[in-house]
Amino acid sequence: MLRRALVFVAVLVGLVGLYEGYKWLWETAGFTWPFVVDDRTMPHTWDIVGQLFEPSRTNGPLLVEVLWDAALFTAKEAAVGFALGATAGFLIAVLLVHFTFLRRGILPYIVASQTVPILAIAPMVVVWLGGRGLPTWFPVSVIAAYLTFFPVTINALRGLESADPRALELMESYAAGRWSVLWKLRVPASLPYLFAAFKISATACVVGAIIGELPASIQDGLGGAILNFNQYYASSPESLWATNLIAALLGIAFFLVVVGLERLVVRAAPEELT
Amino acid sequence: MSTPAPVVELRGVHKQFGRGGVVALEGIDLEVGACEFVSLIGPSGCGKSTLLRIVGDLTEPTSGEVVVNGKSARQARVDRDYGIVFQDAVLYDWRTVAKNIALPLEMLGWDRRRRAERVEEMLELVELTGFEGHHPWQLSGGMQQRVSIARALSFDPALLLMDEPFGALDEMTRERLNMELLRIWEQAESTIVFVTHSIAEAVFLSSRVVVMSPRPGRIASVVPVDLGRPRTVETREEPRFFELVTEVRELLRAGGVDLAAAPEEVEAEA
Amino acid sequence: MSTAPTAVQPLPRGSLAQSVGRRARDWAPAAIVFVVGIALWEGLVRGLDVERFLLPPLSDILQTFWEQRDTFVSAGLFTFKEALGGFAIGSAAGFVVALALARWKPLGTALMPYAIAANAIPIIAFAPITNNWFGILSPASKMVIAAVICFFPVLINTLRGLTSVPPPAIELMRSYAAGEAEIFRRVRIPHALPYIFSALKVATVLAMIGAIVGDYFGGSDQALGILIRRSAGIFAFEEAWAAILVACVLGIAFYGAVALVERFTMGWHVSARGRE
Chain A
564 MLRRALVFVA
574 VLVGLVGLYE
584 GYKWLWETAG
594 FTWPFVVDDR
604 TMPHTWDIVG
614 QLFEPSRTNG
624 PLLVEVLWDA
634 ALFTAKEAAV
644 GFALGATAGF
654 LIAVLLVHFT
664 FLRRGILPYI
674 VASQTVPILA
684 IAPMVVVWLG
694 GRGLPTWFPV
704 SVIAAYLTFF
714 PVTINALRGL
724 ESADPRALEL
734 MESYAAGRWS
744 VLWKLRVPAS
754 LPYLFAAFKI
764 SATACVVGAI
774 IGELPASIQD
784 GLGGAILNFN
794 QYYASSPESL
804 WATNLIAALL
814 GIAFFLVVVG
824 LERLVVRAAP
834 EELT
Chain B
8 MSTPAPVVEL
18 RGVHKQFGRG
28 GVVALEGIDL
38 EVGACEFVSL
48 IGPSGCGKST
58 LLRIVGDLTE
68 PTSGEVVVNG
78 KSARQARVDR
88 DYGIVFQDAV
98 LYDWRTVAKN
108 IALPLEMLGW
118 DRRRRAERVE
128 EMLELVELTG
138 FEGHHPWQLS
148 GGMQQRVSIA
158 RALSFDPALL
168 LMDEPFGALD
178 EMTRERLNME
188 LLRIWEQAES
198 TIVFVTHSIA
208 EAVFLSSRVV
218 VMSPRPGRIA
228 SVVPVDLGRP
238 RTVETREEPR
248 FFELVTEVRE
258 LLRAGGVDLA
268 AAPEEVEAEA
Chain C
126 MSTAPTAVQP
136 LPRGSLAQSV
146 GRRARDWAPA
156 AIVFVVGIAL
166 WEGLVRGLDV
176 ERFLLPPLSD
186 ILQTFWEQRD
196 TFVSAGLFTF
206 KEALGGFAIG
216 SAAGFVVALA
226 LARWKPLGTA
236 LMPYAIAANA
246 IPIIAFAPIT
256 NNWFGILSPA
266 SKMVIAAVIC
276 FFPVLINTLR
286 GLTSVPPPAI
296 ELMRSYAAGE
306 AEIFRRVRIP
316 HALPYIFSAL
326 KVATVLAMIG
336 AIVGDYFGGS
346 DQALGILIRR
356 SAGIFAFEEA
366 WAAILVACVL
376 GIAFYGAVAL
386 VERFTMGWHV
396 SARGRE
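Protein chains in written order, with the numbering used here: chain A, 564 to 837; chain B, 8 to 277; chain C, 126 to 401.
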């Protein structure tokens, strides 16, 4: 336990050291490639962290408060998107596992769908879903859901199909119906695969939420904050960097939640079905 | 007339894992002469695989002396004086059969022509001519093991170390491969140290059977096998064969092996 | 005493007609769905006339593409260059770092969880910063984003491949007195190839997304992402969808190219063997 904490501190110190070292070296030597280094392009790490505790605008709330609210807002969008996408993905996989024709017919398109940069379609999705009495952030969740469903579908399919054929035969010998086979055998077998997908989706839905806010012109989330502070970059570069720091932490936080859930669920699940 | 130097000499070999850990081997004294076929048999935990690895310098003894081919075990490994066959054939999936066999030859720096010739010879030896271009997954378990043996012998090592090579195979394939191995052994004039779980296999193949007992791993006794050579299918039905098998079995029991216990202990065959 | 070979899987053979027939059976459902899908698209969108301005009929999109193909193609190539550059740099860096971490095991085990966590960072959000470094119009700013997005998956997968070799396979090489470098060359790297290619395929998609979406924070007029955003902004949806189509085709081609290379170098792998 102590060792892990030490490693964590060491990595943190190492990263900060690398950053500051690079900055110092480039500034002293005056290199211009790949880009000019100064306090504007690479603010000091302590300035970035310090900026969090400055007011975000004159007489306004602290930056960290603003970012915290923004992060929660984006987190909500991402979580809803994750829930939608994961459910849809799982259901699609269940369908595909039971109907081979659908599997052969639809799977290639599901794979191809991922080459459609949904984030490119984001503007369209926003227009399409806007003004229907849905909350303004809903299109963002849809985008996050789109990014989520693919890894979940692919992995859920693989997982549901990964049930040991001998275990399947056993269930047949009990004249078990498809439903039983699904819940008692296939789903537990698919859990490790599901969690592998969830880890990818955790990141994807956060990215989707942040980026999705841009065409939707949503001010309340991190995407909006990034755009906002980007405009004030010249006067306060630290604010943008701080925003990115918070965005990074949000991504990592989602990821860690999934990892934690995995430890709980997969440990508890019986493993003798594989 | 002086006897040729032994290929393997172990004196007072002792192996303990970690400080105060399991004593895998204690006070092992053993000599293996040139062209001998020696089997190590014993239940799980008697250290036979560890002993094999010590001879091959894949693990170091805690104390004691190991001399292989007149050198230290490390030097023998560096000089590539032995070939090793594991229970799992350990073939590289991305190489064809021919390239798998040629692996040690590549490392020895042989040129392409010489490698190709030797691969052909080895394939003939293990009776797998025509399978050069196949990949490991296309072969049965028995065939994979034959490739593994071909690879181990491809560079003419003086010594062949085999760690339960036929353990994963069914009995009929195993008996057939036993015959193969003896034929190869005589043709290549190598020395073999063979680890096995099977009493019948040990007696059938060897010049001597080294019976080991567990906790700590020790040599309980050595049984010379005076069955004539060449050994054939009929050898397994001779009265002397049964006597020897019984002798080994009794020694295993005396060494504290409970033959009525779970089958992983020792196979009671023949 | 002859030993007849038992249970040998034949090398995949069979007449050309047979293999074509097999392929056709596998792909027939997908082809059917494709045709039905296109028909539905044309029919419904024209018939319902509902969100026509959002999702124009395919024929209209194709026509728009054809009319302005020069713009679309050059935008596509511009963005593809950003993606390709980022892919190459990020993957190469990921591979090299993985080699280093596999060589020095303690470092590798300590840093792996951090690489996995870093992979969870929304890198695209850093586009404004790279824009500030290299200037909004420069392709370098998007290339850096694409490179960082590709770096982590390639690093993680390559490292896993390099370190997941079964111990007996390594012991075999030690019995040949092989040095670390030889073990890497002959065993670890070939073993890692499936993992590497799997990551590279994902990286092609990520690089394209990085390049296109990076543009949302500002970019050159010549880039696909800007084209999409602007066209959508002025409700010129045929243009927007035509640009998206270009992005799709490029993405699939990129992925396919890597998959082809994989087939050639790894014909031996499980995924390439025929189904029994």
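Take the hints with a grain of salt, since some may be wrong.
What the hints assert, rightly or not - What follows is a list of derived Cβ distance ranges for each label pair:
1. C:Q347 / A:R721: 56 to 66 Å
2. C:V198 / A:Q782: 47 to 57 Å
3. C:E305 / B:S70: 23 to 33 Å
4. A:R721 / B:T253: 32 to 42 Å
5. A:P671 / C:V198: 21 to 31 Å
6. C:L385 / B:C42: 47 to 57 Å
Stated by the list, open to error - Calculated Cβ distances over 10 Å to all of chain C for the following chain A residues:
7. L565
8. F594
9. T621
10. A642
11. R667
12. A675
13. R721
14. F758
15. V828
To be verified - Under 10 Å between C-beta atoms, here's a sample of chain A residues computed to sit facing chain C:
16. S725
17. W742
18. F792
19. F817
Quick caveat, the hints were computed from the structure, so don't treat them as lab data. Since we're looking at a predicted model, the values are computed, not measured. Yeah, the Cβ is synthetic: ideal placement off N, Cα and C, and Gly gets one too.
Interface hint status, S725 of chain A versus chain C (Cβ within 10 Å): Where the cut-off is 10 Å and the nearest Cβ of chain C is about 14 Å from S725 of chain A, the hint is violated.
Can you verify the interface hint for W742 of chain A: is its Cβ closer than 10 Å to any Cβ in chain C? violated, 25 Å
Is the distance from the Cβ of Q347 of chain C to the Cβ of R721 of chain A consistent with 56 to 66 Å? Hint violated: Cβ distance 40 Å, outside 56 to 66 Å.
Hey, is A642 of chain A genuinely clear of chain C, shortest beta carbon separation above 10 Å? For A642 of chain A, whose nearest Cβ neighbour in chain C is about 15 Å away, the distance exceeds 10 Å, so it holds.
So is V828 of chain A really clear of chain C, every C-beta pair being over 10 Å apart? holds, 19 Å
Regarding the assertion that R667 of chain A does not contact chain C, is the least Cβ-Cβ distance greater than 10 Å? The assertion about R667 of chain A is violated, with a minimum of 4 Å to chain C.
Do the Cβ positions of L385 of chain C and C42 of chain B conform to the proposed distance bound of 47 to 57 Å? holds, 54 Å
Evaluate the condition: distance from the CB of T621 of chain A to the nearest CB of chain C exceeds 10 Å. Given a closest Cβ separation of 23 Å, the condition holds.
If you check the beta carbons of R721 of chain A and T253 of chain B, does the distance land in 32 to 42 Å? violated, 53 Å
Have a go at the F817 of chain A hint: is there a Cβ in chain C nearer than 10 Å to its own Cβ? holds, 7 Å
For the range 47 to 57 Å, tell me whether the beta carbons of V198 of chain C and Q782 of chain A fit it or not. At 37 Å between Cβs, range violated.
Taking the Cβ atom of P671 of chain A and the Cβ atom of V198 of chain C, is their distance within the range 21 to 31 Å? The hint (21 to 31 Å, Cβ to Cβ) holds, given that P671 of chain A and V198 of chain C are roughly 26 Å apart.
When the structure is compared with the earlier hints, violations turn up for hints 1, 2, 4, 11, 12, 16, 17 and for no others.
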